[in-house]
Amino acid sequence: MYSFEIVRPKSVADAVSALGEEEAQALGGGQTLIPSLKQRLAAPAVLVSLASIDEIKGVSSSGGAVTIGGGTPHGTVARDVAASYPALAALAGNIGDPAVRSRGTVGGSLANNDPAACYPAAALASGATIVTSNREIAADDFFEGLFTTALEDGEIITAVKFRIPEKAAYIKFEQPASRFALVGVFVAKFADGVRVAVTGASEDGVFRWTEAEAALSGDFSAAALDGLAVGADGLMTDLHGSAAYRAHLIGVLTKRAVTQAG
Amino acid sequence: MTKVTMTVNGKTVSKEVRGNMLMTEFLRDELHLTGTHVGCDTSQCGACNIHVNGANVKGCTIFAAECDGAEIATIEGQANADGSLNVIQQAFQDHHGLQCGFCTPGMVMSAAALLKETPKPTEAEIRHYLEGNICRCTGYHNIVKAIMAASGQDVSSIAAE
Amino acid sequence: MPKDHGIGAAQKRREDVRFLTGAGKYTDDINVYGQTYCHFLRSDVAHGKITSIDTSAAEAMPGVVRIFTGKDFEGIGGLPCGWQVTDKNGDPMQEPPHPVLAQGKVRHVGEPICAVVAETLEQARDAAEAIELEIEELPAVVDMRGALEGGSARVHDDLPGNLCYDWQFGSDTATVEAAFASAAHVTTLELVNNRLVANPMEPRVALAEYARAGDESTLYTTSQNPHVIRLLMGAFVLGIPEHKLRVVAPDVGGGFGTKIFHYAEEAFVTFAARQINRPVKWTSTRSEAFMSDAHGRDHVTKIELALDADNNFIGLRTDTLANMGAYLSTFASSVPTWLHGTLMAGNYKTPAIQVNVKAVFTNTVPVDAYRGAGRPEATFQLERLVDKAARELGVDPIKLRRQNFIDSFPYATPVAVEYDTGNYVATMDKLEEMIDIPGFAARRAESEAKGKLRGFGVNCYIEACGIAPSNLVGQLGARAGLYDAATVRVNATGSISVMVGAHSHGQGHETAFPQVVADMLGIDESMIEIVHGDTSKIPFGMGTYGSRSLAVCGSAMVRATEKIINKAKKIAAHLMEASAGDIELKDGMFTVAGTDKSVAWGDVTLAAYVPHNYPLTEIEPGLEETAFYDPANFTYPAGAYACEVEVDPETGKVTIERFAAADDFGNVVNPMIVEGQVHGGLAQGIGQALLETCVYDADGQLLSASYMDYAMPRASDVPFYKVDHSCATPCTHNPLGVKGCGEAGAIGSPPAVVNAVLDALNHAGHDVAHIDMPVSPHRVWQAMQG
Ligand SMILES: Cc1cc2nc3c(=O)[nH]c(=O)nc-3n(C[C@H](O)[C@H](O)[C@H](O)COP(=O)(O)OP(=O)(O)OC[C@H]3O[C@@H](n4cnc5c(N)ncnc54)[C@H](O)[C@@H]3O)c2cc1C
Ligand code: FES
Ligand code: FES
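Residue numbers (our numbering), protein chains in the order written: chain A, 1 to 262; chain B, 263 to 423; chain C, 424 to 1209.
I should point out that these hints are in silico values taken from the structure, not numbers from a laboratory. Just to be clear, a hint being listed does not mean it is correct.
What the hints assert, rightly or not - Here are the simulated BS3-like cross-link-like pairs (lysine-lysine), alpha carbons at most 27 Å apart as the crow flies:
(1) C:K448 x B:K277
(2) B:K265 x A:K10
(3) A:K167 x A:K10
(4) A:K167 x C:K873
(5) B:K382 x A:K38
(6) B:K382 x C:K435
(7) B:K273 x C:K448
(8) B:K378 x A:K38
(9) C:K1145 x B:K382
(10) B:K378 x A:K57
(11) A:K10 x B:K382
What the hints assert, rightly or not - Heads up, incomplete: computed chain A residues facing chain B, CB under 7 Å, no partners named:
(12) S3
(13) P35
(14) K57
Note that beta-carbon positions come from the ideal geometry of N, C-alpha and C, so glycine has one too.
Make a model of the complete structure from these sequences and hints.
The structure is reproduced here in structure tokens:
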């Protein structure tokens, strides 16, 4: 690792001002950032740890939405939204391993926008709102491609507001080595329609499968998806699966998610 | 450099640390607690697992500076007060849950965290919980068995002793 | 009643206490005063000409002690290969130099070019980034078939066609052709044995010190065989005589073959410590390990089996390309030849067998022995082929195997080895009972009810272990003897230190070896301590690999203990004024046969060291004996394995539902440890079959370069295994009757898994003849697409 200092502000305001310094970077749970620092892929002068900011931690629900502080670890989400939003809790409880879930945060995951990450699918399918240190961003406007988001330099995700669907499920088909999603599909059924978000598959990161959404909005059953398929164009091919395989998995997993959602 | 103060296995320690010093480095190089191992650089193997304020954490993926004020438990602090092996450690020995011993500290720390959360885990729960603890030697059979035994379950029917 | 001590007892391991309390001492746990840190600048291209290296800016960086380049190693020996294979034309293999730091060219991603030694590791890394390095990239040789074509790029400039050797072995061509000409059926299979990375959980570490006063070097290193490193590095690389070089392998966190070899990094730190007169430490990261630890397997094979009208095997012919990587690692050349060709008979009495192997250089990391080494490749080919033959012929795969089993011993195969004992029918019977074949149909129906396919696969294996008779391997090209040694040092009060050449890095020697000595002497195990891993403490030793520790080093220990008993009896005879021939040793007491006269073990040992009443003219005082043991033959563990899988037909994902292994390891000293060895091997074999593979792209870039892309088996990928070793036919030529158990699991499991997957698919109507490993979800899905 290159050398840097760590500061541990206690409020969002202090964190924002610390992030205003040259070469400052936010440190969430560090579960993505620290391995990349080890590879010397980043050279911050200061890491601004968000772990001591109580105001961005924890879970609350009201008015058909659950709000999760941006600094809330996956493990806490798995436990604390189990009652209000079980599909989201299950997703959080399957990210990485218990130690990753002790530290990794929802804010860090969304900010990072790894094309194989789980949370982006939940946020997009739930039509979540990403609350930052200075604004609110709709999930539909947030994800801008591989590892890129609408966040500006120094902007902190302070919370994520998930609308709670009537029914939902996330099915992750694991890449055998990393156990991230080779393909993951999040299906959420709301009163005003169904949203389907797919992660792990596209060269542009998480995306909505709008044809499936349309079909499912009319008939929320696996059978409604018969004959629908995502084209392999623009999907990733790598060691673990071709674009065609990923396209196939999207179909299979979407059906399974619908069935599981019930 | 920042000054950090934390409790490690019940003892308070204070040190000046570099910002980029990982807990694995802090424990191994500063405190000479070399039981916490480093088996990878992608945060996947779990040879480094420690407890930070009771949570199961990868020591290689947390900075010492982040642990200021924290309570840390490592493998060196797991034995009973009289020095004898604790229930989990004893079960690992009884059921041959280790070979080269390199993954073992992380396995024991993970097992302890699991049993705190889930006192009587099923085989499937144990295997799932060990997602982030790689062992190359044992094929996991005896590790899973040892954890079941440590939780007071009868493992006599599991194939092979 | 199971035994609680001595041979056959499932004693708990004494080494566990230190490992379970964080008190193990691995190489990276050792730090010495004045230590510097080393970081290697490694090639990021697979093949290229180094046009310039400018270290001046880097040298001026803070903390830099010295920067070394290939220039510092001009005139210094390269890393040697320990086995010379002779080509089918009688020529020696091609053996291009293997430099410590690159000389002029780089030949694989990860090859060390410069080494920065600095006060801290981060300073060394900082300085390495400031080295100005220019490399003119050359076309990379990656694919073995392409490599052999005349016009291909050359890994080594003077080696057109990149061929290391073209080896032929076994029956002559006319005999084999005759067998095929008379065949009623021929089954042919082309397959790949996937390249693997051994991945012991402890990455390699090397720390060297130099004491200028006595001109002595000490190397602490993560090795399975410290004496071999001392010999190779001392004699062939750095020219340090043995008495000035101490090599210590303390606790080692797994080896699996990859820590047998002599590596550039350990030679470098030893060299550099002498140059700068300060200790130098290098700790591999896992990322470095992927591109610098020797890889394993990587064979491409065409194999054919000839059967007569009654389904008897009458001929076998193989054609293998074996990847050597860019340089010959320590035992690389022996793996596809003598550790592979000699096993091609398997458990079957095929009368005519010919093995052809071309070893090929490519711009990839060197390939060498990995758990099983050559034998998994042989087993996989043969057992996949037999299964394919059974499917083609419409016969039961178990029946086909049984019909062709070797059933009388000793048995000399057409591929040069003589199996001393075995009982393949017994292990197969045992296996069938363990896996519950009658229940399979119901289990399949259950899987199908859930929308899953279920398959059953079986295979046999044979391995040659207890490596190896020196005079035999010498004829075959080994440049070392493969005996082992032990010293039994009985102390005055009767406690014993046994210094052994085998190294324990998970195998539990510290527990199992005392069981043997205790059994022989009739004393308690707690009086016996095993010392290993330090060339200054043990007589000599060739180390631990090839399932040899107990069969070879254990035999040396038995011989040394016998010498102790002989001498102790003489002392006892003197003490009791009897003749040595009348002395019996039982339960730690020496008695004069037929009398009630006796002296205890401790009385005799004390007399040896306090020789007041002692026949000094006839025997020396003291009680310490050394024995070297050179085995008369290999040992031949064998067995039968079965696997049941479920396949998700929609995603292609395979899960292992049941796995059973029936092994014949001969006699067993500690069954608990033996079973643990099998479990570990099974997980590695299942890993190879389902998960693991090392992939290069066409430019020689390593794509599976971390655990993010190299799939290690996790706890959830494997089931509880059923293992059994009760069908024992003791080895006939070593004193313990043991055969070795370290590699069996890894050798015997991959074909069973793949056979099971193919059974599932074919039963479901997919006409799939073969799927290469790893049988990943993607590959299974592709196979089902037709
Ligand atoms: C072994 C392993 C397995 C994993 N498996 C999965 C998996 O299956 N699925 C999955 O989705 N993920 C997985 N992850 C990733 C994990 O979820 C990470 O926790 C997550 O991607 C990053 O969150 P973090 O809090 O650790 O962020 P960090 O690593 O600290 O930061 C990541 C990036 O986000 C920025 N950042 C952090 N917090 C904020 C914030 N609040 N506001 C703005 N920017 C911020 C940082 O500056 C950095 O650029 C895995 C990780 C590991 C190590
Ligand atoms: S060393 Fe921490 S996860 Fe591997
Ligand atoms: S015991 Fe060696 S890695 Fe687990």
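Given P35 of chain A as an interface hint, is the shortest Cβ-Cβ distance to chain B below 7 Å? With a minimum Cβ separation of about 5 Å from chain B (threshold 7 Å), the hint on P35 of chain A holds.
Starting from K167 of chain A, check that the Cα of K10 of chain A is at most 27 Å away, please. Outside the cut-off at roughly 37 Å; violated.
Restraint check, 7 Å cut-off on beta carbons, for K57 of chain A near chain B: 13 Å, violated
Given the hint that K378 of chain B pairs with K38 of chain A, does the C-alpha gap stay at or below 27 Å? It is violated: about 32 Å lies between the C-alpha atoms, which goes past 27 Å.
For the pair we were handed, K273 of chain B and K448 of chain C, check the Cα-Cα distance against 27 Å. Holds - the C-alpha atoms of K448 of chain C and K273 of chain B are around 23 Å apart, at most 27 Å.
Hint check: K382 of chain B vs K38 of chain A, CA-CA at most 27 Å. Holds or violated? 37 Å, violated
27 Å limit on alpha-carbon distance, applied to hinted pair K10 of chain A and K382 of chain B: 38 Å, violated
Decide if the proposed pair is consistent with the structure: K167 of chain A and K873 of chain C, CA atoms, cutoff 27 Å inclusive. 24 Å, holds
Hey, K448 of chain C versus K277 of chain B, does the alpha-carbon distance stay inside 27 Å? 24 Å, holds
With a cut-off of 27 Å on the C-alpha distance, tell me whether K265 of chain B and K10 of chain A pass. 17 Å, holds
Does K378 of chain B pair with K57 of chain A here, judged by a C-alpha cut-off of 27 Å? 23 Å, holds
Given pair status - K435 of chain C, K382 of chain B, alpha carbons within 27 Å: Between K382 of chain B and K435 of chain C the Cα gap is close to 25 Å, so the pair holds against 27 Å.
Hints 3, 5, 8, 11 and 14, counting from the list given before, are not met by this structure.
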